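Colleague: Sequence:
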Amino acid sequence: MSFRLATRAAAQSLKAVATRRTIAQIPQVAGARLFTTTRVASNEYTSRLSETLKDELTHEKQNDTEVPVELNSFIAQSGFEVVNTDGQALAKLQKNGTDEVVHVFFDVNQVVNVRPAVEEVEVEEEEEFEDPYENFINLNVVVEKKADDSAVAFDVLVGPEDGSTYIENVIAYANKAEALTETADADQKRELAYNGPAFSNLDEKLQENFEQFLTSRGINEELYQFILNYGIHKENQEYIAWLEKLNKFFN
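If you read the sequence shown in the UniProt record's numbering, its first letter stands for residue 1, the second for the next number, and so on.
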């Protein structure tokens with residue numbers, strides 16, 4: 001499964017398991033009720049929720065700003081452009097060249113949840129067993145060749161603290177649609193396809209050449225910094241849109 005769907009699917013699966021376990025642990029007592037028998041005024045609670053949503057929405061809009069100048073500056077200089085994905089957590093960047101098109105995909109929820117480099121987190125005993133990739137941002141980079149519509153995709157891990165980059169896989173596609181189509185069926189086909197050996201098992205010279213290829217296409221520290229800043233900005237825009245929808249429902 002590509003990173004584009006794997007993160008959300010895993011989270012939903014864990015939530016479903018947690019929910020089932022919680023329900024299973026509730027003792028089944030004859031005649032027992034799961035909710036209080038006290039009658040409540042439902043309109044009162046709807047009103048309270050509506051007011052709270054309005055306050056939160058007002059607060060967020062007051063602090064909301066346009067796209068920061070430094071982000072626009074990167075777009076102007078790098079050749080990348082932001083592809084509109086309103087309503088989605090998935091963010092897309094694209095650079096259209098003479099012979100190639102470079103696509104970059106990342107999840108804004110993951111960006112905002114990764115611990116910032118400036119924070120000093122106290123290491124506790126239980127954290128010794130943390131997933132070593134927990135604090136990395138997943139990028140899916142697809143380079144399509146215009147001449148024959150073929151494509152190569154790179155699954156990349158980026159460390160936001162120091163910009164360290166690790167390529168996990170390099171996958172070749174005969175047709176760009178195989179790499180870019182965003183459907184459950186297409187994603188399943190990508191999951192079942194042979195994706196090559198683990199990148200770390202490749203010959204060192206081959207690894208180095210792949211890394212240099214990505215760098216030459218603009219996959220570099222400047223892009224990573226943009227992704228961090230843009231990801232936070234886009235997630236905030238989606239949060240405001242989410243609040244607006246809820247506010248309309250409960251109003």
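Note that these hints are calculated values from the structure, not bench results. Treat the hints with care, since some could be wrong.
Stated by the list, open to error - Simulated pairs of lysine-lysine, DSS-like, Cα-Cα distance not exceeding 25 Å: (1) Lys146 <-> Lys95; (2) Lys189 <-> Lys146; (3) Lys248 <-> Lys54; (4) Lys54 <-> Lys245.
Claimed, not checked - Listed next, with one range per pair, are the computed distances between beta-carbon atoms: (5) Thr215 <-> Ile240: 31 to 41 Å; (6) Leu192 <-> Gln225: 33 to 43 Å; (7) Asn209 <-> Thr58: 20 to 30 Å; (8) Lys146 <-> Gln225: 25 to 35 Å; (9) Thr215 <-> Glu244: 15 to 25 Å; (10) Asn113 <-> Gly163: 55 to 65 Å; (11) Glu244 <-> Asn113: 45 to 55 Å; (12) Asp203 <-> Ile232: 56 to 66 Å; (13) Leu49 <-> Ala147: 14 to 24 Å; (14) Lys54 <-> Thr98: 45 to 55 Å; (15) Gln88 <-> Leu49: 42 to 52 Å; (16) Ile240 <-> Ala147: 36 to 46 Å; (17) Glu222 <-> Val83: 12 to 22 Å; (18) Glu191 <-> Lys146: 23 to 33 Å.
These numbers were taken from a predicted model, which means no experiment stands behind them. We treat Cβ as the ideally placed atom computed from N, Cα and C, and that holds for glycine.
Colleague: Hints first: check each against the structure and report whether it holds.
Modeller: Verification of the hints:
1. Lys146 <-> Lys95: Given that 25 Å is the threshold and the Cα spacing comes to 13 Å, the pair holds.
2. Lys189 <-> Lys146: Holds: Lys189 and Lys146 sit about 23 Å apart, inside 25 Å.
3. Lys248 <-> Lys54: holds, 10 Å
4. Lys54 <-> Lys245: holds, 11 Å
5. Thr215 <-> Ile240: 31 to 41 Å: For Ile240 against Thr215, whose Cβ atoms are near 35 Å apart, the range 31 to 41 Å holds.
6. Leu192 <-> Gln225: 33 to 43 Å: holds, 35 Å
7. Asn209 <-> Thr58: 20 to 30 Å: Once the Cβ atoms are compared, 53 Å apart, the range 20 to 30 Å for Thr58 and Asn209 is violated.
8. Lys146 <-> Gln225: 25 to 35 Å: Since the Cβ atoms of Lys146 and Gln225 sit about 29 Å apart, the hinted range of 25 to 35 Å holds.
9. Thr215 <-> Glu244: 15 to 25 Å: violated, 40 Å
10. Asn113 <-> Gly163: 55 to 65 Å: violated, 18 Å
11. Glu244 <-> Asn113: 45 to 55 Å: Since the Cβ atoms of Glu244 and Asn113 sit about 23 Å apart, the hinted range of 45 to 55 Å is violated.
12. Asp203 <-> Ile232: 56 to 66 Å: violated, 38 Å
13. Leu49 <-> Ala147: 14 to 24 Å: violated, 56 Å
14. Lys54 <-> Thr98: 45 to 55 Å: holds, 51 Å
15. Gln88 <-> Leu49: 42 to 52 Å: violated, 26 Å
16. Ile240 <-> Ala147: 36 to 46 Å: With Cβ atoms ~42 Å apart, the hint holds.
17. Glu222 <-> Val83: 12 to 22 Å: Roughly 19 Å apart at Cβ, these two residues keep to the hinted range, so it holds.
18. Glu191 <-> Lys146: 23 to 33 Å: This hint holds: roughly 27 Å between Cβ atoms.
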